[in-house]
Amino acid sequence: VTPFLIYSVLSALLFAVALHGLIVQPQLLRKVLALNIMGSSVFLFLVAVAYRNADPAPDPVPHAMVLTGIVVAVSATALALAVARRLADETGLDRLPERDEEQP
Amino acid sequence: LTGRRRVRLPVSSRTLATGILTASLGLVLAGTMLRLPRDPGGLTQLAEEYLPDAGAGHPVTAVLLDFRAYDTWLEVGVLVLAALGALALRRRESVADVDPPPAAGPVLDGVTRLVVPVMVVVAGYLLWLGTHAPGGAFQSGAVLAAAGILLFISGGRSIGVLSGRRLAAALVGGFVAFLLVGLLTMATGRALLDYPPGTASALIVAVELAVTVTIAVGLTTLFVVTRRGRGDA
Numbered sequence: 044v045t046p047f048l049i050y051s052v053l054s055a056l057l058f059a060v061a062l063h064g065l066i067v068q069p070q071l072l073r074k075v076l077a078l079n080i081m082g083s084s085v086f087l088f089l090v091a092v093a094y095r096n097a098d099p100a101p102d103p104v105p106h107a108m109v110l111t112g113i114v115v116a117v118s119a120t121a122l123a124l125a126v127a128r129r130l131a132d133e134t135g136l137d138r139l140p141e142r143d144e145e146q147p
Numbered sequence: 006l007t008g009r010r011r012v013r014l015p016v017s018s019r020t021l022a023t024g025i026l027t028a029s030l031g032l033v034l035a036g037t038m039l040r041l042p043r044d045p046g047g048l049t050q051l052a053e054e055y056l057p058d059a060g061a062g063h064p065v066t067a068v069l070l071d072f073r074a075y076d077t078w079l080e081v082g083v084l085v086l087a088a089l090g091a092l093a094l095r096r097r098e099s100v101a102d103v104d105p106p107p108a109a110g111p112v113l114d115g116v117t118r119l120v121v122p123v124m125v126v127v128a129g130y131l132l133w134l135g136t137h138a139p140g141g142a143f144q145s146g147a148v149l150a151a152a153g154i155l156l157f158i159s160g161g162r163s164i165g166v167l168s169g170r171r172l173a174a175a176l177v178g179g180f181v182a183f184l185l186v187g188l189l190t191m192a193t194g195r196a197l198l199d200y201p202p203g204t205a206s207a208l209i210v211a212v213e214l215a216v217t218v219t220i221a222v223g224l225t226t227l228f229v230v231t232r233r234g235r236g237d238a
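So the protein sequences, as listed, match chains A and B.
Using the numbering used here, the first residue of the first sequence is number 44, and each one after it goes up by one.
Using the numbering used here, the first residue of the second sequence is number 6, and each one after it goes up by one.
Note that these hints are calculated values from the structure, not bench results.
Honestly, I wouldn't trust all of these hints.
[What the hints assert, rightly or not] Computed Cβ-Cβ distance ranges for the label pairs, DEER-style:
1. B:Asp199 <-> A:Gln70: 18 to 26 Å
2. A:Arg138 <-> B:Pro106: 40 to 48 Å
3. B:Trp133 <-> A:Gly135: 44 to 52 Å
4. A:Val126 <-> B:Gly169: 40 to 48 Å
5. A:Val44 <-> B:Leu51: 40 to 48 Å
6. A:Pro69 <-> B:Trp133: 46 to 54 Å
7. B:Val123 <-> A:Val126: 33 to 41 Å
In this text, a Cβ means the ideal position worked out from N, Cα and C, and glycines have one as well.
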């Protein structure tokens, strides 16, 4: 069992758990958190790849991609939260309306 | 009369079906990852080989701001778009009228006074360090953003001191710096962001400075803008 094996399997499972949360959880805040965990699982995988191909030093290219990805993930999260906040201000809802709720 | 009694599961069938699907996806992903061909050295050797030509002594910084500079450029673009989008969603041009949170007490104020000047120095140090060790515009901008948020939650005006135009200028500064440098390299007959030999270090430092400001202001804006302020219903 190598560290790469542990980290890559863990990242795949983390991705699946977060995707499940994204689909099943109705609250928008939880969906945003699930998206974040999905992103983190990808970062975990990239770091594991950089370490696996380590000659003496870790591969700088996946590392740079993680750094770039973190900023993009933070930006997307904040924008999603701003959308959720606006929705809450306009409708008082913390989730998207269900289809059967729209037609009473 | 008995009929078939429905088995009540502890979770809904929808949750269960989604669970089975996502679990299969996870297994497929894990299986794919384990079958990845081993690539001895990856891109490490290539990066090390061209490091002397790059404008930065640290491989990660060289990748970020030289070899794959367009990645970083577009990433700054994403941050700027997110900040402008958040401002638009909150119907604001600046965050000057956002109310700071209620005072948290003298401890936070005192710590803020002590820590914020140190954070500014640390941000400058990280920016300088990025040329030859882990550090650079992102780490530096993140520390500055943390200082901006700390100032805001302890009742300071933080980036609220910037008017709408100045905020927009600070936000797009890093993106525009990249654009200008890119056009400059193209004007000299090279590819986009392919720095001419000898000028790489200076161009990278110039771009990094602008990008640091953009990242710091962008992240702080994203934090502050979602709070309620005067003029909100």
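Results for each hint:
For Asp199 of chain B and Gln70 of chain A, the Cβ-Cβ distance of about 47 Å falls outside the hinted range of 18 to 26 Å, so the restraint is violated. Taking the beta carbon of each, Arg138 of chain A and Pro106 of chain B are about 25 Å apart, not inside 40 to 48 Å as hinted. Restraint check, Trp133 of chain B to Gly135 of chain A: a C-beta distance of roughly 49 Å satisfies the suggested window 44 to 52 Å. Separated by about 21 Å at the C-beta atoms, Val126 of chain A and Gly169 of chain B break the suggested range of 40 to 48 Å.
A hinted range of 40 to 48 Å for the beta carbons of Val44 of chain A and Leu51 of chain B is inconsistent with their spacing of about 30 Å. A beta carbon spacing of about 48 Å between Pro69 of chain A and Trp133 of chain B agrees with the range 46 to 54 Å that was offered as a hint. Between Val123 of chain B and Val126 of chain A the beta carbon distance is about 35 Å. The supplied range of 33 to 41 Å therefore holds.
Hints 1, 2, 4, 5, counting from the list given before, are not met by this structure.
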